[in-house]
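All chains, please: the whole structure from these sequences, using the hints.
Read top to bottom, the protein sequences are chains V and Z.
Its first residue numbered 1, the first sequence is counted upward by one per residue in the working numbering.
Its first residue numbered 1, the second sequence is counted upward by one per residue in the working numbering.
It is possible that part of the hints are untrue.
Stretch-level coverage of chain V by chain Z, calculated; a stretch enters the list once three of its residues show a Cβ under 8 Å from a Cβ in chain Z [stated by the list, open to error]:
1. 65-76
2. 89-100
3. 175-181
The calculated lysine to any residue pairs, modelled on SDA-like cross-linking and capped at a C-alpha distance of 20 Å, are [as the list claims (entries may be wrong)]:
4. Z/K247 <-> V/Q196
5. Z/K116 <-> Z/G58
6. Z/K59 <-> Z/A128
7. V/K109 <-> Z/M244
8. V/K109 <-> Z/S241
9. Z/K116 <-> Z/P181
10. V/K109 <-> Z/H218
11. Z/K188 <-> Z/E320
12. V/K109 <-> V/G58
13. Z/K188 <-> Z/I5
14. Z/K188 <-> Z/L199
15. Z/K247 <-> V/Q74
16. V/K109 <-> Z/P180
17. V/K109 <-> Z/P242
18. V/K109 <-> Z/A243
19. Z/K116 <-> Z/P180
20. V/K109 <-> Z/G58
21. Z/K247 <-> V/Y107
22. Z/K116 <-> Z/L106
23. V/K109 <-> Z/G222
24. Z/K59 <-> Z/T269
25. V/K109 <-> V/R131
26. V/K112 <-> Z/T219
27. V/K112 <-> Z/Y221
28. V/K112 <-> Z/H218
29. Z/K247 <-> V/G79
30. Z/K319 <-> Z/I267
31. V/K112 <-> Z/R90
Since the hints were made in silico from the structure, they are not lab data.
Everything numeric in this text was worked out from a predicted model, so none of it was measured.
Don't be surprised by glycine CBs; every beta carbon is placed ideally from N, CA and C.
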Amino acid sequence: MSALLEVRGLSVAYGKVEAVHQAALRLEQGRIVTVIGPNGAGKTTLLAALMGMLPARGSIAYAGQEILRLEPEQRVSRGLCLVPERRELFAAMTVEDNLVLGAFHRYRKRDKTIAGDFEQVYRLFPRLQERRRQLAGTLSGGERQMLALGRALMSRPRLLMLDEPSLGLAPLIVRDIFRVIAGLRETGVSILLVEQNAHAALQVADYGYVLETGEIVIEGPSASLASNPRVIESYLGLVSSDAG
Amino acid sequence: MNAEIALFLIQDGLTNGAIYALLALALVLVFAVTRVIFIPQGEFVAYGALTLASLQLGKLPGTAWLLLGGGLVVAAVELVQAVRLGAVRRIPAILFNYIVIPSALLSLAWWAAPQKPALTLQILLALALVVPLGPMVYRLAYQPLANASVLVLLIVSVAVHLAMTGLGLVFFGAEGSRTPPFSDAQWKLGVLNISGQSLWVMGSSLALIVALLLFFEHTIYGKALRATAINRIGARLVGVSPAMAGKLSFTLAALIGALSGILVAPITTIYYDSGFLIGLKGFVGAIVGGLISYPIAAAGALLVGLLEAYASFWASAYKEVIVFTLIIPVLIWRSFTTHHIEEEEE
Chain V
1 MSALLEVRGL SVAYGKVEAV HQAALRLEQG RIVTVIGPNG AGKTTLLAAL MGMLPARGSI
61 AYAGQEILRL EPEQRVSRGL CLVPERRELF AAMTVEDNLV LGAFHRYRKR DKTIAGDFEQ
121 VYRLFPRLQE RRRQLAGTLS GGERQMLALG RALMSRPRLL MLDEPSLGLA PLIVRDIFRV
181 IAGLRETGVS ILLVEQNAHA ALQVADYGYV LETGEIVIEG PSASLASNPR VIESYLGLVS
241 SDAG
Chain Z
1 MNAEIALFLI QDGLTNGAIY ALLALALVLV FAVTRVIFIP QGEFVAYGAL TLASLQLGKL
61 PGTAWLLLGG GLVVAAVELV QAVRLGAVRR IPAILFNYIV IPSALLSLAW WAAPQKPALT
121 LQILLALALV VPLGPMVYRL AYQPLANASV LVLLIVSVAV HLAMTGLGLV FFGAEGSRTP
181 PFSDAQWKLG VLNISGQSLW VMGSSLALIV ALLLFFEHTI YGKALRATAI NRIGARLVGV
241 SPAMAGKLSF TLAALIGALS GILVAPITTI YYDSGFLIGL KGFVGAIVGG LISYPIAAAG
301 ALLVGLLEAY ASFWASAYKE VIVFTLIIPV LIWRSFTTHH IEEEEE
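Dropping the structure here:
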């Protein structure tokens with residue numbers, strides 16, 4: 001089976017400082033792949049480069065085509081979508097308008113099926129429907145993450161990239177969010193998940209990569225990563241003991 | 001001063017203020033979306049007025065040539081970029097948008113101008129000739145610098161303003177023009193004479209403001225512009241490109257500018273360089289709104305119009321001085337009431 005996303009030799013630099021060095025990763029259609037690693041390892045930089053928000057060298061093949069030189073807007077139009085760590089919602093606009101804008105590229109293509117996707121998002125996150133006339137800036141942290149996910153789904157992505165979806169959220173909400181992520185796989189969306197919460201990420205993912213100081217150091221199926229002594233020591237030790 | 005004069009000055013002030021309000025809204029829009037302080041806004045006023053004046057004389061307006069010239073330059077820039085990126089498929093669209101359409105408009109103006117069509121058609125033709133210059137200016141002057149600081153963009157604005165004033169002199173000459181009013185009607189309301197033209201100005205401004213409001217609230221492109229103004233990164237992530245948002249906001253600004261020019265042309269004589277002062281008064285209004293708030297900017301612009309009317313009655317030699325001095329107390333007040341947020345610089 002050919003990969004939906006095949007990254008080879010990807011390097012991203014801020015000036016002379018290289019934040020990601022020669023990264024290679026592969027994601028098959030309908031899978032969840034996670035990239036775990038410590039703070040500052042370059043995870044966010046990697047996603048930003050995949051989305052086209054940062055210039056990069058190397059190769060990014062998406063659905064069989066090289067997209068390294070495409071603008072972010074062109075990548076959105078081809079079905080890539082990034083939910084960034086800072087969510088980047090439109091705070092002074094209503095929840096509903098945020099969702100409408102999520103489907104911007106589909107309105108441009110005169111897609112007639114957008115209305116049905118509103119229902120789907122509201123079914124997934126009933127809280128958003130209750131608050132659809134409220135301004136996004138007035139939502140709680142968990143609701144903002146739901147809105148960020150909902151806005152992303154409105155673009156009907158083929159590849160959804162999530163940057164730290166659990167960051168700063170209460171454990172119960174984290175569980176909800178991960179349940180939604182796991183559920184998305186059923187709808188055929190492929191997911192690239194970046195997480196510091198390695199425990200939760202490895203539970204939901206099929207395959208994982210460990211990124212340290214800009215380089216991929218370990219990779220393997222989630223189960224084998226979860227039993228890798230080095231991963232346990234560095235990333236799972238604390239989390240697994242308090243998550244019980 | 002008696003009540004009659006006071007009322008007359010209010011009418012005069014509100015008429016001019018309505019124009020300033022439109023320009024203030026355009027300035028706020030352009031700044032919010034692109035961070036450009038759009039000094040050349042006034043040039044679009046002058047171009048709009050002078051283009052209509054040429055058409056009324058049955059002459060081919062210089063803007064038609066300017067449009068074709070601008071189109072050729074933009075097409076050249078776009079073609080080089082398309083070839084460099086290997087985006088050959090874009091070439092027909094570039095040729096069509098920047099060469100075929102301007103040529104067609106030029107030919108249309110050439111054919112239509114001597115026949116002196118009805119006023120409405122003249123206005124539409126003038127708008128068609130002036131408005132596309134807005135996105136062209138954005139493409140040539142601002143898009144390559146989209147990530148520059150506000151100061152750099154301001155310097156570019158000064159340059160564009162000077163260039164457009166110079167081109168105005170070349171294409172329209174140094175003489176001023178005044179177009180006949182849209183309506184000669186006069187109504188007596190008590191002691192006040194209400195002129196049809198001032199009703200036209202106020203009515204059209206109001207209609208345009210309502211149209212803008214509907215555009216921003218209810219259309220996907222209006223929402224995309226608001227989104228870009230609120231969160232540029234978020235907007236890119238949903239597929240709203242800054243270049244598209246920039247071109248769209250400049251198109252709207254050019255439309256507002258040209259329409260304002262067409263509305264004021266029967267009230268005052270417009271020269272190639274008259275736009276600057278008119279635009280600057282809109283800018284004072286926009287500053288009252290902190291370049292953020294549309295309603296406060298519009299209210300500020302109306303205030304500017306009223307202040308100007310009264311100033312020209314009491315101290316006509318100091319009219320401009322008094323209007324522009326308004327900016328000082330406003331800036332002091334704003335510096336006390338707003339928290340200064342450092343702009344993120346590279």
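Going down the list of hints, with the structure as the test:
{"no.": "1", "hint": "65-76", "in the structure": "holds (count 5)"}
{"no.": "2", "hint": "89-100", "in the structure": "holds (count 7)"}
{"no.": "3", "hint": "175-181", "in the structure": "violated (count 0)"}
{"no.": "4", "hint": "Z/K247 <-> V/Q196", "in the structure": "violated, 40 Å"}
{"no.": "5", "hint": "Z/K116 <-> Z/G58", "in the structure": "holds, 6 Å"}
{"no.": "6", "hint": "Z/K59 <-> Z/A128", "in the structure": "holds, 16 Å"}
{"no.": "7", "hint": "V/K109 <-> Z/M244", "in the structure": "holds, 15 Å"}
{"no.": "8", "hint": "V/K109 <-> Z/S241", "in the structure": "holds, 15 Å"}
{"no.": "9", "hint": "Z/K116 <-> Z/P181", "in the structure": "holds, 16 Å"}
{"no.": "10", "hint": "V/K109 <-> Z/H218", "in the structure": "holds, 18 Å"}
{"no.": "11", "hint": "Z/K188 <-> Z/E320", "in the structure": "violated, 30 Å"}
{"no.": "12", "hint": "V/K109 <-> V/G58", "in the structure": "violated, 31 Å"}
{"no.": "13", "hint": "Z/K188 <-> Z/I5", "in the structure": "holds, 14 Å"}
{"no.": "14", "hint": "Z/K188 <-> Z/L199", "in the structure": "holds, 13 Å"}
{"no.": "15", "hint": "Z/K247 <-> V/Q74", "in the structure": "holds, 17 Å"}
{"no.": "16", "hint": "V/K109 <-> Z/P180", "in the structure": "violated, 45 Å"}
{"no.": "17", "hint": "V/K109 <-> Z/P242", "in the structure": "holds, 18 Å"}
{"no.": "18", "hint": "V/K109 <-> Z/A243", "in the structure": "holds, 18 Å"}
{"no.": "19", "hint": "Z/K116 <-> Z/P180", "in the structure": "holds, 14 Å"}
{"no.": "20", "hint": "V/K109 <-> Z/G58", "in the structure": "violated, 42 Å"}
{"no.": "21", "hint": "Z/K247 <-> V/Y107", "in the structure": "holds, 19 Å"}
{"no.": "22", "hint": "Z/K116 <-> Z/L106", "in the structure": "holds, 16 Å"}
{"no.": "23", "hint": "V/K109 <-> Z/G222", "in the structure": "holds, 17 Å"}
{"no.": "24", "hint": "Z/K59 <-> Z/T269", "in the structure": "holds, 18 Å"}
{"no.": "25", "hint": "V/K109 <-> V/R131", "in the structure": "violated, 28 Å"}
{"no.": "26", "hint": "V/K112 <-> Z/T219", "in the structure": "holds, 16 Å"}
{"no.": "27", "hint": "V/K112 <-> Z/Y221", "in the structure": "holds, 17 Å"}
{"no.": "28", "hint": "V/K112 <-> Z/H218", "in the structure": "holds, 17 Å"}
{"no.": "29", "hint": "Z/K247 <-> V/G79", "in the structure": "violated, 25 Å"}
{"no.": "30", "hint": "Z/K319 <-> Z/I267", "in the structure": "holds, 17 Å"}
{"no.": "31", "hint": "V/K112 <-> Z/R90", "in the structure": "violated, 26 Å"}
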